Amino acid sequence: MTVDREILIRPRLHSKEQEEEIITSVRGGKPNRVRNARRRHLSTGDSEPIIRNKSDSSKTIYTAGRPPWYKSDGADGPSPLVIGICGGSASGKTSVAKNVIEGIDVPWVVLLAMDSFYKGITSEKDKELALTGDYNFDHPDAFDWDAMVEILQKLKEGKNVEVPIYDFNTHSRCAETKTVYGATIIIFEGIMTFHAEKLRELMDLKIFVDTESDIRLARRLMRDISQRGRQINDVLNQYNRFVKPAYEKYIAPTYDLFFYRLFTELRILHADIVVPKGGSNRVAIDLIVKHIRRELENRKYRVIRKTSIPRNCSDPASLHLLPQTRQSMGIQTIIRDKKTPRNEFIFYSERLMRLVFEYALGFLPHEAHTVSTPQGLQYDGVRFSGNGLCGVSILRAGETMEKALMKVTKDIRLGKILIQNNPDTKNPELYFLRLPRGIANDHCVLMDASIATGAAAMMAIRVLLDHDVREDNILLVSLLMAAPGVHAIAYAYPKVKIITAAVDQTVSKDFHILPGLGNFGDRYFGTDASETMTGIKEECFSTETDASETMFGIKEENFSSE
1 MTVDREILIR PRLHSKEQEE EIITSVRGGK PNRVRNARRR HLSTGDSEPI
51 IRNKSDSSKT IYTAGRPPWY KSDGADGPSP LVIGICGGSA SGKTSVAKNV
101 IEGIDVPWVV LLAMDSFYKG ITSEKDKELA LTGDYNFDHP DAFDWDAMVE
151 ILQKLKEGKN VEVPIYDFNT HSRCAETKTV YGATIIIFEG IMTFHAEKLR
201 ELMDLKIFVD TESDIRLARR LMRDISQRGR QINDVLNQYN RFVKPAYEKY
251 IAPTYDLFFY RLFTELRILH ADIVVPKGGS NRVAIDLIVK HIRRELENRK
301 YRVIRKTSIP RNCSDPASLH LLPQTRQSMG IQTIIRDKKT PRNEFIFYSE
351 RLMRLVFEYA LGFLPHEAHT VSTPQGLQYD GVRFSGNGLC GVSILRAGET
401 MEKALMKVTK DIRLGKILIQ NNPDTKNPEL YFLRLPRGIA NDHCVLMDAS
451 IATGAAAMMA IRVLLDHDVR EDNILLVSLL MAAPGVHAIA YAYPKVKIIT
501 AAVDQTVSKD FHILPGLGNF GDRYFGTDAS ETMTGIKEEC FSTETDASET
551 MFGIKEENFS SE
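What the sequence shown shows, in the UniProt record's numbering, is residues 1 to 562, in sequence order.
Think of the hints as simulated: they come from the structure by calculation, not from any bench. Do not take every clue at face value.
Computed Cβ-Cβ distance ranges for the label pairs, DEER-style [said to hold, decoys possible]: (1) 127 / 470: 28 to 38 Å; (2) 515 / 286: 48 to 58 Å; (3) 470 / 411: 21 to 31 Å.
Quick list of in silico lysine to any residue cross-link-like pairs, SDA-like style, CA-CA up to 20 Å [said to hold, decoys possible]: (4) 410 / 383; (5) 127 / 142; (6) 338 / 525; (7) 159 / 410; (8) 119 / 162.
Treat the numbers as computed from the prediction; the structure is a model and nothing was measured. Note that beta-carbon positions come from the ideal geometry of N, C-alpha and C, so glycine has one too.
Can you build the whole structure from these sequences, using the hints too?
Written out as structure tokens, the structure reads:
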């Protein structure tokens with residue numbers, strides 16, 4: 001068919017005045033308001049873990065973590081929705097991605113950039129060429145395609161991955177990586193997202209962002225000069241030699257005619273949707289958002305939470321109850337009493353914690369070991385035979401048990417997991433985690449002061465399993481559990497050892513243990529749970545917090561094997 005050139009003119013991205021200013025400055029070779037300031041510029045794989053909703057400041061989209069990715073029996077749930085976004089350099093792919101995220105209003109999203117998968121430059125000659133814009137970064141050979149496919153496949157399977165971070169100033173990968181989980185939605189954006197067939201096969205929806213070449217060049221000039229400390233002539237040289245030819249050869253054919261300047265027949269190849277003028281095209285964004293919402297509704301599921309169990313149901317074999325001596329019963333009486341002052345509640349709770357931990361350590365593997373006594377005689381004893389031992393607390397109540405664990409274990413490594421219930425779906429949601437390095441072969445003591453339905457504990461166990469911790473190496477330790485939670489955990493993860501000081505038989509409709517001991521966190525910290533947890537979640541993902549210390553950028557030195 002014949003294509004009218006006027007129809008193919010792209011709509012404006014900015015206001016008329018802004019667009020004329022940018023295009024005029026670029027065509028004249030003198031872009032305005034750009035600085036030759038050099039600073040460290042990393043791939044967007046090192047982006048902030050949150051996105052603030054511009055239309056509603058009270059809403060926060062977490063690009064880290066996720067709601068349950070498993071079913072009630074511990075098996076894998078529906079796979080996440082994978083969206084691929086492709087387009088020329090500086091076409092507005094990231095803006096489209098963030099607008100889509102805000103529109104669908106889903107709080108758990110992974111935003112992954114193709115920039116993170118540059119192979120990097122090793123030779124000094126190539127580094128010199130890169131500084132003058134004479135090195136071709138816009139070629140398929142510049143990317144690590146095997147790593148892209150492997151990481152996206154693992155994310156789709158719900159596994160954690162280590163995403164590389166690329167430094168555009170040194171043109172090399174950083175030593176540190178970024179730990180990323182799967183999510184409800186995974187968005188993968190880059191200039192050649194649709195180039196590899198294996199990569200396209202992993203995508204459920206493919207979007208191409210089409211922006212006028214003058215606008216893309218203007219953005220690239222402003223970005224490279226202001227953020228990457230490059231000279232205008234070097235940027236223009238690279239654009240004309242590599243960027244523009246690569247767009248016409250590798251990028252445009254994935255969605256458009258090949259190429260409309262050469263042919264007049266339009267053929268859509270790989271893209272499902274083409275978005276002209278990038279993130280400012282609200283009509284296209286709204287259509288995409290509606291489609292994604294329908295897809296998510298089809299994949300919707302819940303983790304079933306039971307509040308009762310059949311009568312005469314025997315305890316599971318994996319449950320180990322602290323011997324009910326007069327001492328343990330007396331301590332439980334004190335901490336269950338609503339009249340107990342806070343200082344006494346803390347004191348006796350910590351006493352009971354130490355008793356439970358001493359009991360739990362008896363379930364760790366041991367081997368025979370003979371030592372020589374000061375009298376020169378031999379003593380046949382035992383010693384811990386495992387590879388290592390670590391503790392992981394489920395915030396916030398689980399954190400109260402850390403001090404007691406450190407009192408009975410020497411130099412134990414500790415981690416934390418923050419899991420909170422969604423007020424609407426009542427499903428547990430993972431907000432934050434920080435785990436010790438190399439825990440795959442360790443025995444792990446998972447701590448939560450009280451467990452009602454077991455939903456949070458099941459999610460925490462699944463997190464450990466996703467980090468390759470063996471199920472039979474996990475000890476779940478608590479002061480008080482409800483029978484429905486015990487049975488739910490034992491059913492889903494029968495090899496996990498469940499150790500507790502007491503088991504109450506029922507859970508109320510609002511998921512409180514009966515008779516219970518009240519809200520353990522409130523009584524221990526002397527705070528209101530709702531206000532405290534809101535503060536903790538904000539602190540975990542605060543933009544003022546070093547992203548390397550949050551869920552997706554754990555500082556390796558913080559968790560050395562020593």
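Hint check:
1. Separated by about 44 Å at the C-beta atoms, residue 127 and residue 470 break the suggested range of 28 to 38 Å.
2. The given range of 48 to 58 Å is respected by residue 515 and residue 286, whose C-beta atoms sit roughly 52 Å from each other.
3. Range check, residue 470 to residue 411: about 22 Å between beta-carbon atoms, so the 21 to 31 Å window is met.
4. The hinted pair formed by residue 410 and residue 383 meets the criterion: a straight-line CA distance of about 14 Å does not exceed 20 Å.
5. Restraint check for residue 127 and residue 142: the C-alpha separation of about 14 Å stays at or below 20 Å, so the hint holds.
6. At most 20 Å may separate the alpha-carbon atoms for a hinted pair to count; residue 338 and residue 525 meet this at roughly 15 Å.
7. A hinted pair counts as satisfied when its Cα atoms are at most 20 Å apart, and residue 159 with residue 410 does not qualify at roughly 31 Å.
8. Taking the CA atoms of residue 119 and residue 162, the gap is near 15 Å; set against the 20 Å cutoff, the hint holds.
The structure fails hints 1, 7 (numbered hints given earlier, in ascending order).
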